[in-house]
Amino acid sequence: MILGASTFVEGVDNAFIFILAIAFFFLITITGTMIFFIWRYNKKRNPQPTQIKDSVSLEITWTVIPLILVLGMFYYGYVGWIPMKKPPEEGIVVTANARMWSFNFRYENGRISDKLYVPKDTAIIVNLNALDVLHSFYIPAFRLKEDMVPGLANNRTWFEATKTGTYTIFCAEYCGLQHSYMISEVVVMEPDDFWAWYDDPDAMVMEIPDDANLALLGRQIVERNGCIACHSLDGRTLVGPTFAGRFGETITVITGGQQREIVYDEEYVKRSIYDPDYDITEGFRPGQMLSYQDEITEDEIDLIIEFLKSLNE
Amino acid sequence: MSETTTSTKHVSFLEYQGKYKGILGWILSTDHKRVGLLYLYTMLVFFSLAAILGLLMKLQLIAPGYTIMGPQTYNAMFTVHGIIMIFIIVVPGLPAVFGNFFLPIMIGAKDVAFPKLNLASWWIYIIGILVVLSSQFIGGWPDTGWTFYAPYSFRTPANVLPALFGAFILGFSSILTGINFVVTIHRMRAPGMTWFKMPLFPWTLYATAWIQILATPVIGITLLLTVMERVLGVGIFDPALGGDPILYQHLFWIYSHPAVYIMILPGMGAISEILPVFSRKRIYGYKAIVLSSLAIAFVGYFVWGHHMFTSGMSGRALYAFSFLTFIVAIPSAIKVFNWVSTMYKGSLNLQTPFYWATSFIFVFMIGGLTGLVLGSLATNVHVHDTHFVVAHFHFIVFGGTGYAFMAALHYWFPKMFGRMYDATWANTGWVVFFAGFLTLYLPMFALGLQGMPRRYYDYLPEFHGGNIISSLGAILMIAGALIIIVNLVRSSRHGVKVSDKNPWGGKTLEWETDTPPTLENWDEIPTVSESPYEYK
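Chains as they are written, first to last, in my numbering: chain E, 1 to 313; chain F, 1001 to 1536.
Only chain E is shown next, with the shape it has when bound in the complex:
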């Protein structure tokens, strides 16, 4: 377990230590006692049993002592947990969007990223938003987890990172085929570095210099939106059809229950991103992908197309 990466760690780990210390004490003592009894009172060594009367005071003793101990555990658990439920008034607000099977993070200035970049020692308030099914936002290094529930308003959590570095974000709630690949990272930076990243004008795209590598920009958009969780770049079949070597080909799709042949062109790509269930490539299931209408602009789609073309080379 990674130590000292968020303000929650100490409280949670104290609860772990308190509970596990008591647990180990009882486990070792009781198991030791059983083994001693088996050695001392086995039939060979102790042929004649001694009958012993029940004792109410003993029963009360071993009811009350564990009761006090578990109340202590309840207390430690409560104290370590309550800060998680009390987000501060001020902080950086980020909206975490989860869909099968990727995360993305939208900042207040409109910047979108597939990784969560945050400054050290600053409260980050995370609005949790699930677009399709249940997901869960889990950062083990921060001892933080909260489910992302579709349709649940004002679902939020928060944290304050205390050590720079890169930590894994998992989806902890089972969400289907690629659940175990729904992984992202939180990158904790020095505040100056973060603000430089945050305000980086180049990151806001769309002013493309003449010599820019359009395919590379397209690839970044594809990665940022988690497309490659389902669409491979090397011809393998995942949840959806591969991106490799398809652009310009004639493909067979099912449209409104009818099979038809169409060309994999600009128009098809755009329709597939904004209305994924309209044409379903033969052999694949509908209902697996949600529209990216609000997430990917038409200008970005042009870049994606450049990237798809580059995969034919």
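Take these hints with a grain of salt, some might be off.
[To be verified] So the derived list for chain F, only partly shown, Cβ under 7 Å to chain E, looks like this:
| no. | residue |
| --- | --- |
| 1 | A1378 |
| 2 | D1385 |
| 3 | R1455 |
| 4 | T1527 |
Worth flagging that the hints you see were computed from the coordinates, not collected in a lab. Ideal Cβ positions, reconstructed from N, Cα and C, are used throughout, including at glycine.
Given the structure of chain E, go ahead and fit chain F onto it with the hints provided.
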């Protein structure tokens, strides 16, 4: 009561020839002992199937990436493994097998109160199994997990409704068995057997039966609401229709948490039978064990929220649930103290059932103590939905209920089949199984603390070490299970015949009947004058 007269004296129930011959003489028999064995054989078949699925899953996890199967197959396997193990094996579990077989004998009755209903329960159980399993394969491989959480499960077109319907049918079997046992215990105890002279296994069956009757109907409610949603389009669980997926989780756990106590309580009862017999001592704290069983059954209704600490439920509800979860831990602790005290100054007869019973206490303690980690709010947030939870419930449900089942089977086997198993093979099987079990599940606690989520087809390299050990443990454990099963199956037909009707020196009534028992157990209903377990 069966209509047959007592001309069947001293013919074992295994050989008794009723109206039907051959297999019909079994699947149409209302004899509680034959019904118990029908459940045993059904469970053996499905347990083997689900255990193989479990082994394949562990083999997949022995290395990151594709090892022996793809993600869709893996997801299907953990779903079917969970559904079979929970709904078909451990929920009916000990009550269906040993409750049916021994409850009437232990309280000095000739059968359960409603023998025909009892047989009907088994038939409903079989129908439920068929519906649940077939539902899982309509419309492709199942991949929802045994919890069927909305809205993911609602996206798979034909899955949830029939699965819930199957669980509902299985639930009916459970309810009917519960009603049968409650009436049997209330009305049919032998003369002189007052409530507090009743052995502890029937006591735990009694507590369990009430949970079965009162908690199981919640499945029916859930089913009804799902039908309203799917057929009438009323938004209840599915956010796409304006429903609330958290409501589904509440309803699911309002049944499924008490169901955990349905699974474990009868196991505790079986352990409470075995320890005094092999210690040659009165059970320590008889009344404390009875009262703690009733307390578990009661408080167990109010703790379901601890499955949902990170679900988005209100904070105030959460600490109430956490508090109650700690309270429900106390009765289990009381039992452990009493069991260990029973061994104090005894004359311990070190035989296979005793080994299973003491190892039960060990694994049950690990399961219970790690449950405290999950009951506490701060620590739960970190380990919820990780391998820690998987390890915890396998320690309770497989370690607890499974070990108690094996203890009970090795304890009552000579009475049930009139033959004895090979003790050397039985002990060997236990050692291999126990070693494999610990190697399989202990590393999962570490993986969970490290942060490895559950239901994971693939994992990051940092989780590799724990998974290798765990997978090797799975192979060892399955080898142990194989030794145990082969030994028992072989011995039920070819084992040495038992001449003594009381080979372990038990004090409860089942050891006073013939071995194996006759059709109606008793020529004459016995009269009871002293408490069970009165060793001198």
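Cross-check of the supplied hints:
1. A1378: This hint holds: A1378 (chain F) lies near chain E, its Cβ roughly 3 Å from the closest one there, short of 7 Å.
2. D1385: holds, 4 Å
3. R1455: It holds, given that the least Cβ distance between R1455 (chain F) and chain E is near 4 Å, below 7 Å.
4. T1527: It is violated, given that the least Cβ distance between T1527 (chain F) and chain E is near 24 Å, above 7 Å.
In summary, the one numbered hint that this structure violates is 4.
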